[in-house]
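Below are the chains, spelled out letter by letter.
Protein chains: 6
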Amino acid sequence: MNPDSLSHIDDANRASMVDVSAKKVTARTATAEAKVHVNEAVAAQFDGKDLVSKKGPVFQTAILAGVMGAKQTSNLIPLCHPLPLDSIKINIEFEGRTATIQCTAKTTGKTGVEMEALTGVNIAALTLYDMCKALDKGITITDLRLLEKAGGKSDYQADPEP
Amino acid sequence: MNPDSLSHIDDANRASMVDVSAKKVTARTATAEAKVHVNEAVAAQFDGKDLVSKKGPVFQTAILAGVMGAKQTSNLIPLCHPLPLDSIKINIEFEGRTATIQCTAKTTGKTGVEMEALTGVNIAALTLYDMCKALDKGITITDLRLLEKAGGKSDYQADPEP
Amino acid sequence: MNPDSLSHIDDANRASMVDVSAKKVTARTATAEAKVHVNEAVAAQFDGKDLVSKKGPVFQTAILAGVMGAKQTSNLIPLCHPLPLDSIKINIEFEGRTATIQCTAKTTGKTGVEMEALTGVNIAALTLYDMCKALDKGITITDLRLLEKAGGKSDYQADPEP
Amino acid sequence: MNPDSLSHIDDANRASMVDVSAKKVTARTATAEAKVHVNEAVAAQFDGKDLVSKKGPVFQTAILAGVMGAKQTSNLIPLCHPLPLDSIKINIEFEGRTATIQCTAKTTGKTGVEMEALTGVNIAALTLYDMCKALDKGITITDLRLLEKAGGKSDYQADPEP
Amino acid sequence: MNPDSLSHIDDANRASMVDVSAKKVTARTATAEAKVHVNEAVAAQFDGKDLVSKKGPVFQTAILAGVMGAKQTSNLIPLCHPLPLDSIKINIEFEGRTATIQCTAKTTGKTGVEMEALTGVNIAALTLYDMCKALDKGITITDLRLLEKAGGKSDYQADPEP
Amino acid sequence: MNPDSLSHIDDANRASMVDVSAKKVTARTATAEAKVHVNEAVAAQFDGKDLVSKKGPVFQTAILAGVMGAKQTSNLIPLCHPLPLDSIKINIEFEGRTATIQCTAKTTGKTGVEMEALTGVNIAALTLYDMCKALDKGITITDLRLLEKAGGKSDYQADPEP
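Chains as they are written, first to last, in my numbering: chain A, 1 to 162; chain B, 1 to 162; chain C, 1 to 162; chain D, 1 to 162; chain E, 1 to 162; chain F, 1 to 162.
Just chain A, same shape as in the assembly:
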């Protein structure tokens, strides 16, 4: 165990939210990504813009669910701060049998929006599963990760390849 990183942990190692009261309000953005792999039966439903399913348009539904899910981030992740959001944008590209979902979140606040971007991608990916599970229960989500963040104490840029 790294003794340095333990220096601020009390003996009982109890959960606690980071205190951001002394941090500056700045513009912050974060982008996250996931890949969703479907079988042939699902891929065959692609009409060039969206996957067509009995439950409705898959990407449209996934995008809306992702935007709404991103707004629930501080209710879902125990130690996340609730903060106003300036923008949540979700994009889905589909090629072969893989949907690539990206979510960019923006705030003007005291703490970053990495978790909002990750939650948006995540709920969109789960919704894609739900919309298509009648045709493929083996849909798998991979490479869910933060691509970049900017605007806080330090920026971050992921490697191009996961």
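No wet-lab data here; the hints were simulated from the structure. Careful, some of the hints might be misleading.
[Said to hold, decoys possible] In silico BS3-like links for lysine-lysine, alpha-carbon gap of 30 Å or less:
id : chain 1 : residue 1 : chain 2 : residue 2
1  : F       : 24        : E       : 54
2  : D       : 153       : D       : 24
3  : F       : 110       : F       : 24
4  : B       : 153       : C       : 110
5  : C       : 49        : C       : 153
6  : C       : 23        : C       : 110
7  : D       : 153       : F       : 110
8  : E       : 24        : E       : 137
9  : C       : 137       : C       : 24
10 : E       : 110       : C       : 153
11 : D       : 24        : F       : 110
12 : E       : 54        : B       : 24
Given the coordinates of chain A, work out where chains B, C, D, E and F should sit on it, guided by the hints.
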């Protein structure tokens, strides 16, 4: 496009929840899994039972978040049915630099709990990211998928390897 | 004041949920409707299937919001009972400058789903307003009412004309 | 279709939240209104201040539900921004067989509170329905609209008559 | 430490929901209570039925908040099961400078409603604090406890005096 | 009744949120406390850091529930304002048969965080009840009160003894 699977889609392809009013109430279970890959700095915090972080105990927090997140499934996934839950159980194994998260959900109801199991795993994995992101912003979630379901019209068993 | 209907009201007239513990579990359905009136600028965006707006597809978004809103009914209406839902279906017809929104809710439970159907219509109508307000802030919602209910102590059928 | 208003719509017309990160924080207010029409049996319960029902005081309950509902706006309307609220005020006037509900919302933020005012009125109106439906299932909500907004890029004032 | 009660705890002592899938669906009720002590300035606002405050009627508001809060129990208490509720009833008695709040919850389900009754009392008590804090920041809540439960594996009856 | 405090109450005494639009944004903090009394069987589970129960670690779970509950304050307390939170910290001390729970909340906003601190304590205390009720249904919560607040129009400091 597969014409058969389109036979029940109306022209406008609008979203709609599946009507389960005629389905039988049966005992249903589902198990989902994800793998979360961390760097050396995070892995070094493992004390044999949990990852120790400045924000608190990582697996404990992730498990509680996952259980609570699974209960939010029908609020997060647009076309999911709200249903009573008999049990949600989340387990996390850690080996090398990989945490394997499993969630099993149970209901006695008219529809399955795949989405509850997947959501529980998902929110637990995101919480693990949140708890450790000070040490590793490159944490990646992979192999998020359904392992098995039982109790409805048809059972499902995933391949051992993703 | 009607003395009969007051016979069960205590002196302080305090709020209280109806006790449904002795009621039978039966299949129940309810359908509600609203009309949403838009201006020419909005109506001109109709492509035969949906209103096209800068924020996205209007009816698709309104339908998903309505389904998700109907699931929040017992959280929004203070004395409503939380209950499992078998189906929520929202349909939107557009003719001239008027969108007609209908929502049908179904449960197998001890109490009716009128409020779920009304809430679904309502949130869909508000979402339509939100999607189009850049072109028309004067959008007006009228004739929001229950069309019919079935399956409880007594059925109900509204007059054809509001 | 109006080609101008389409200039910013991508081919797939996917849902997306407006990015308000560059907008100024200003004081913003909005007021919305609805009319709720009840039958004689309900109107006879008016004691000069409130409608008295078996479930409790109708206007008191509707006002509280409307205030709480307005706070849920960004959770209910998919593309609404979550924002802090300075005030939500709901007023109900009753005359003849019609209740007129008004809701005024205020924020100091980057985007307007029209949807908060409309949602507050809406949930109050639905609650009025719920409280009185034992006496009148035909209660109808009409003239739900924005009366005025101030404080953003442009103000708005509705016509006196709907 | 009592070795018997530890026999089912795994080494890591991780959180887990009780699995109720094998339990019988029965009618269950629970009643909880709390006492709220206010100062003279608040007590002087009692008009015989309610405390009158600038923010509105105190007990009416507290009762509605308690009912709505009880419906949120499984979202607030991490290991609680979501279950349908047949009834939530809150009563407040005021004598001298003490308000006694009772909440009775009922379900027909596989697990008890003690937490729903306790949460209802709790949120009602907190709301009473919020409504009156302009006159008394020292309001204190005491004797919050379960009074009785019935309908599950074992009944419970509290001692008359806390 | 105190005529002064009634001067702003309208005749119908209807609920209304305080309008904080003219208040200044300042740093605000509040601390609340409660005591939770358990029986011998529960106290015997204390391992020096936490109470060990079949459902998991009691204080860890209660702390997380309290932090998440504090974030729900404006959804639970009808007339509370939603506001961003800079920090929520919960501490639990255990001595003899009594757990003392404290919660400190911080915001940079227009209104105080007393209700957030009180709600955090409250949900933590209820969760402690839920985790231990298999061993003691008579667990009682007392002395729930505000300890101090700072940063608004006026500060507050409770008496040392409740």
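- If any of the earlier hints don't hold here, list their numbers in rising order. Those not satisfied are hints 5, 8, 9, 12.
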